[in-house]
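Student: Sequence:
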Amino acid sequence: MLITTTSFGQEKSIQDLDFLLGTWEVREDNKERDWWEKTTRIGVYALDSTYIQLTSRAVSSTGKKRTYRWYIHYNSKEQQYEMASMFGNWHKIQFDILSWDPAERKLTIKNGPDGDSEEYHERFGEIVFDESFKSYIWTGENKYGDPKDPGIWKYVEIGSRIN
Numbered sequence: 016m017l018i019t020t021t022s023f024g025q026e027k028s029i030q031d032l033d034f035l036l037g038t039w040e041v042r043e044d045n046k047e048r049d050w051w052e053k054t055t056r057i058g059v060y061a062l063d064s065t066y067i068q069l070t071s072r073a074v075s076s077t078g079k080k081r082t083y084r085w086y087i088h089y090n091s092k093e094q095q096y097e098m099a100s101m102f103g104n105w106h107k108i109q110f111d112i113l114s115w116d117p118a119e120r121k122l123t124i125k126n127g128p129d130g131d132s133e134e135y136h137e138r139f140g141e142i143v144f145d146e147s148f149k150s151y152i153w154t155g156e157n158k159y160g161d162p163k164d165p166g167i168w169k170y171v172e173i174g175s176r177i178n
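Going by the working numbering, 151 is the number at position 136 of the sequence shown; the sequence numbering is gapless.
Please keep in mind that the hints were generated in silico from the structure rather than gathered at the bench.
Just so you know, even glycine gets a beta-carbon here, dropped at the ideal spot from N, CA and C.
Possibly wrong hints are sitting among the right ones.
To be verified - Restraint ranges, calculated between C-beta atoms of paired labels, are given here: (1) Gln30 / Asp161: 37 to 43 Å; (2) Arg120 / Thr77: 28 to 34 Å; (3) Asp161 / Ser28: 38 to 44 Å; (4) Gly78 / Lys107: 33 to 39 Å; (5) His106 / Gln30: 31 to 37 Å; (6) Arg48 / Gln25: 30 to 36 Å; (7) Asp44 / Thr82: 16 to 22 Å; (8) Glu146 / Gln30: 31 to 37 Å; (9) Pro117 / Phe139: 28 to 34 Å; (10) Lys107 / Thr154: 20 to 26 Å.
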């Protein structure tokens, strides 16, 4: 009996992003607005390890506190990573598409389709991890409001794994 196999490359899965697991200390800065936010973010597997859940508790330079949660999974039908984001201080659930480049250690986030919403909100960010996956720098930009003259929120977030 002869058995042959064809390798089409490794299947993607949520486990490819397991470097997000653990506890992170994070600081986001918006230099244009002289604003910052410090966050503790905890990443764990959820829903039978088909999702990564990231729970964040933050306090800003203005003293405001907020909690938010992200759920990331790999959609095998669409062959893409997807993220749903919920915020204690905002009415809307965000949907984003993520792409992972392991050679560059770069996770790119951009807004997904939001066809039913009358609100304009465009997002783009790149998270680059160090070689040990113990720290990262996330640069991003959010646009919102009037699509012809949007408000723009530019930020840099630096994160360090604490366990």
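Student: Hints first: check each against the structure and report whether it holds.
Tutor: Structure-based check of all given hints:
1. Gln30 / Asp161: 37 to 43 Å: 41 Å, holds
2. Arg120 / Thr77: 28 to 34 Å: Holds: the Cβ-Cβ distance is about 33 Å, inside 28 to 34 Å.
3. Asp161 / Ser28: 38 to 44 Å: 40 Å, holds
4. Gly78 / Lys107: 33 to 39 Å: 24 Å, violated
5. His106 / Gln30: 31 to 37 Å: Given a distance of about 33 Å, which is inside 31 to 37 Å, the answer is holds.
6. Arg48 / Gln25: 30 to 36 Å: Distance hint for Arg48, Gln25 is violated at roughly 42 Å.
7. Asp44 / Thr82: 16 to 22 Å: Hint holds: Cβ distance 20 Å, inside 16 to 22 Å.
8. Glu146 / Gln30: 31 to 37 Å: 20 Å, violated
9. Pro117 / Phe139: 28 to 34 Å: 20 Å, violated
10. Lys107 / Thr154: 20 to 26 Å: Given range 20 to 26 Å: holds, Cβ gap about 23 Å.
In this structure, the earlier hints numbered 4, 6, 8 and 9 are contradicted, and the remaining ones agree with it.
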